[in-house]
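Q: All chains, full assembly: derive it from the sequences and hints.
Protein chains: 6
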Amino acid sequence: RDGQGSALLTACLHGPRGTGKTALAADVALRSRFPFVKLLGPDSLVGLSEQGKCQRLIKVFDDACKSPLSVVILDDVERLIEFIFMGPRFSNAILQDVLTCLARPPPAGRRLLVLATTSNRQVLELLGGAQAFTEEHRMEPLSLNEAHSVVQQAGDQAGLDYSQAAHALLARGEGLTVPVKRLLLLLRLARQELPEGETSVPRVVFDQLIQNSKLLPEGEDADERY
Amino acid sequence: RDGQGSALLTACLHGPRGTGKTALAADVALRSRFPFVKLLGPDSLVGLSEQGKCQRLIKVFDDACKSPLSVVILDDVERLIEFIFMGPRFSNAILQDVLTCLARPPPAGRRLLVLATTSNRQVLELLGGAQAFTEEHRMEPLSLNEAHSVVQQAGDQAGLDYSQAAHALLARGEGLTVPVKRLLLLLRLARQELPEGETSVPRVVFDQLIQNSKLLPEGEDADERY
Amino acid sequence: RDGQGSALLTACLHGPRGTGKTALAADVALRSRFPFVKLLGPDSLVGLSEQGKCQRLIKVFDDACKSPLSVVILDDVERLIEFIFMGPRFSNAILQDVLTCLARPPPAGRRLLVLATTSNRQVLELLGGAQAFTEEHRMEPLSLNEAHSVVQQAGDQAGLDYSQAAHALLARGEGLTVPVKRLLLLLRLARQELPEGETSVPRVVFDQLIQNSKLLPEGEDADERY
Amino acid sequence: RDGQGSALLTACLHGPRGTGKTALAADVALRSRFPFVKLLGPDSLVGLSEQGKCQRLIKVFDDACKSPLSVVILDDVERLIEFIFMGPRFSNAILQDVLTCLARPPPAGRRLLVLATTSNRQVLELLGGAQAFTEEHRMEPLSLNEAHSVVQQAGDQAGLDYSQAAHALLARGEGLTVPVKRLLLLLRLARQELPEGETSVPRVVFDQLIQNSKLLPEGEDADERY
Amino acid sequence: RDGQGSALLTACLHGPRGTGKTALAADVALRSRFPFVKLLGPDSLVGLSEQGKCQRLIKVFDDACKSPLSVVILDDVERLIEFIFMGPRFSNAILQDVLTCLARPPPAGRRLLVLATTSNRQVLELLGGAQAFTEEHRMEPLSLNEAHSVVQQAGDQAGLDYSQAAHALLARGEGLTVPVKRLLLLLRLARQELPEGETSVPRVVFDQLIQNSKLLPEGEDADERY
Amino acid sequence: RDGQGSALLTACLHGPRGTGKTALAADVALRSRFPFVKLLGPDSLVGLSEQGKCQRLIKVFDDACKSPLSVVILDDVERLIEFIFMGPRFSNAILQDVLTCLARPPPAGRRLLVLATTSNRQVLELLGGAQAFTEEHRMEPLSLNEAHSVVQQAGDQAGLDYSQAAHALLARGEGLTVPVKRLLLLLRLARQELPEGETSVPRVVFDQLIQNSKLLPEGEDADERY
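Protein chains in written order, with the numbering used here: chain W, 23 to 248; chain C, 23 to 248; chain U, 23 to 248; chain L, 23 to 248; chain F, 23 to 248; chain Y, 23 to 248.
Incorrect hints may have been included.
Because identical chains share one entry, a pair is satisfied inside a single copy or across any pair of copies.
Straight-line C-alpha distance at most 30 angstroms; calculated DSBU-like pairs for lysine-lysine [said to hold, decoys possible]:
| # | residue 1 | residue 2 |
| --- | --- | --- |
| 1 | K88 | K60 |
| 2 | K60 | K203 |
| 3 | K203 | K88 |
| 4 | K81 | K60 |
Calculated directly from the structure, the hints in this document are not laboratory data.
A: Here is the structure:
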């Protein structure tokens, strides 16, 4: 509303892998209807030297600052800075440039929204902790009931009967960690195994997929354990 | 008054993020009415190689020494030397040049004031501790009463009614850490959410903003905890 | 069946050395009848610089993405990333590119299966643990009975009498670790020592080979001990 | 007296910052009336690469060896070798060259005196401890009485009345650490604050300066604490 | 006998220094009467860059694979990979290439025998432990009786009387570590000290040599102590 | 005597600084009357890059191998390999070349004697411990009586009366560490302070020199303490 105030907003979406952080960031970016939207993830930088990665990163933010309204998504920010717990190792050069870009307000009259996603708490610390972002949002795996609804809805959308799959899920009981992304993968796998003409995923088939996929309660603890 | 004495003054402003260190440094620099004023922060060096960063830094000080009266602000000095607690890592090359520039008096008849800001105690140690600076000033977050005044004044300046916002703040009680910079951001956000024609920020709206912003008592401890 | 779903499948085969991980991966790849099959192991990269290794790796995946149906085997993935426990040391540059390639889905309408083999648990952790792969399969050394069958079958195929060798194996009793690859090597060695015209491997000869080969129960523990 | 004996003398001046080590080294050098006197400090090397710093250092000693009587001052030797406690980090290349130059006697008939100053004990260890130097001298902060005399003398020289400043100092009592360099800085600051025509520094003014300057008993311990 | 089986055999000779590992490897290589025999030791790589060392190593194995029957001796393999316990440090680039060459079977119809020698257990671990080699042989210092025989035989071969030297050895009693290489060196030294025309090494002379040589029981423990 | 035996002899002289290791090595080299004698110390390599230092080292040994009888002195070998306890740091490239040169026998018919000096036990370990050298000699500081004799002899040679200086030494009593090199330096200093025409060094003068020089019992312990 006022072009002057809060020209730079930075938000961090964190939580275990597969909980839909990137999907949410993309959704927010698209709904913003801002003319400039750019997603920068590890794949955008693959094959570049460290210096080349820094230059690409800075260019994205420079470009964003030329547009009146911009969104930049730093996807998998721990991978952007090449963070590996063992050591730990990371690229201080890229990290420094990320930090500078996260703190640099756009020129007067322009607004910039930066959305970062990470499944690694340590990296959040590296980025300056809670105070580095104007907002912070934690994503959780689905509860059993939420997962049940997701399966039902997916069945409705696909014109298939996923009720037995949904039962298989509920039967596993509490303690099950269900990242939404993995759940959707399981449904795709189940669908592929359907014989021609069949419209219902058998309970035993889906249960087997759950078991193989190790939807064990290691979500947050495993992903953000360091 | 006498061009010979104390040709080099160095001061360090330290304290938690958002307590207005950079604002104070800029204010001191402007009020000095010295002809040469230069702020050197991470953003001034972004995209340069380590060697390029060293050269830029030395050039700023060389230029400062050509003017009879100069101020150099080393803003976010921990970021200038690329300090990261994890490791820890920092650029020894840049650090060495900062140390040399901080200790090098200007030529006879010229005066130089260096103001460094940092929210990281460890970096102060790296720079040589208390004895490295001729002066040292610690910035604190606002007390609850100070924060209250700031909100009232901001309302007066904006021609808006911030009294309910000020109440929301007081109601949170002691233990609340209020870095002035973040407080002003909250006010800007509140203002943007005002419906057209409204002139009063509702208490519940501002209270919600406080809660989301995590104005928790982690200020000094979190920022300078190492 | 449906070209859209699960375009990227990644599986990790892990377990002690000599348990046939690479053989299984190759078998899966060939049985897939996918037009593009590529095995990338340490030998494919020998003599290249770190940068050259990264480029080769990325090129394999880029090529795979040009074919509608592709399989890439990352053989001995701990050696691809030059992992050495002492230190530990590894090439973060190669590791980052492996991680990116493992997470990058192929273009719409194309399908990619990535099979990684490793005998080092730590490397599995580096690659992101269980959640990094859509499937995971652990290979075990042969049980004594399985080893016995393998020896019998190998004798049948070779038109030789391996029954005494099989007895030598059983006589060693439980506690014996028998990676299938090493077992086949022993049989080849035994065969080479057969005098012209002889068709039966003497028990004492094969027993000696077992003893020299140290088929001790250090399999998984030794290989994945870190 | 005899051109042959003790052609190389090396002395180390160490002690807390501000105790006049460099001043003493310069004084010794000038009083020697040796034709070649060279001070090499961090400022002499700023902006050079590590290799360039090594070359400059070696050149100074080569030049010194061409003169029959030479003095080289290695000022702030811990900074010359870029020593930082955190890590610790230092330039082994520069350190090795310093060590070689410190041990290399000049050609026959020539004499070389090397004076090194350092406020960091660890660096003295790096340089080979007490045995590396033919002489070693420790500088202490002024005692309260010495500081009192210095203030009185400075007043006499300046034609000003510093007796109240001297009282302010004594009143602080024992436990006060007074590096001479900082004391002289305080006197210069006090002098600048004197109103036109005033010739006496008020006690309260000087006391305030002492307090701000943190002349606390952290001298030796703080500077050489590692 | 059959060109197909066991195309790659790798053996590791390990044990304390001076126990004849290299001599044994050379003996095996010569007795093999294979047309291609190549010894690669630290001396073969001296003066090359790390990259040059890798290229030389790979070339030796490439050449070996062009010959139908080849032996490659990797002598002092801990020195080839520049292993130093302090740190520890080693060249991961060379190590990776050694590992690849040790695991790469020659083309069909060709056979390759690789013999590695090392006096450092840690390096054996680096190379992948017992399972990395198809065979492993541990060399021990001579027992007192073996040493006695060696001395007697050496005397016979030289046409000299070493019986007193042999007695000197026995008189030292158990606990004496006698690496064969060092024993032969002692005999050569003793022989050089024989006056013209003398044919018998005096007991006291040889005993003195033993004492100076420190044939103490630190053999295996000292060499492979890490 | 016989050109074939013991073509390579390597000896290590170790002990505290100032005990005459280099002097002894030089003396041995000169008395050998070998046509090729080369001393390689830190000063020989100053100003070279690491690669240049390696090349110079290898060239010295290559040259030595061209002469029938050669001596190479590796003086201050810990400094040659740029060893610093803090870290520890050293040049593995130079160390590897030293190790190779120490183990490489000259061509048939030529003899090479290598003498290494070091005051640092750790470096001896790096070089492979006692077994790396065919001989090893430990240098000790002078005993009080030896020191007394040295002073007397020096007086006789100089035509001066050092008897009081010798008394000053004895009076200090046991526990005094007297590296011979430092003792001779003290005598030179004492001699320089003699007034014209005086021929006797006063006891008090020499005693003062001893005290300043810190001939404390930290010799071996301090120098080889790691």
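Q: Indicate, hint by hint, whether the structure satisfies it.
A: The hints, checked one at a time:
Taking the shortest Cα distances, K88 and K60 sit within 30 angstroms of each other both inside one copy (13 angstroms) and across copies (25 angstroms). Within a single copy, K60 and K203 get their C-alpha atoms as close as 22 angstroms, and across copies as close as 28 angstroms, so both meet the 30 angstroms cut-off. With identical chains, the CA atoms of K203 and K88 are at most 30 angstroms apart between copies only, with a shortest distance of 26 angstroms across copies and 35 angstroms within one. In this homomeric assembly, K81 and K60 come within 30 angstroms of each other (Cα to Cα) both inside a single copy, at 11 angstroms, and across copies, at 25 angstroms.
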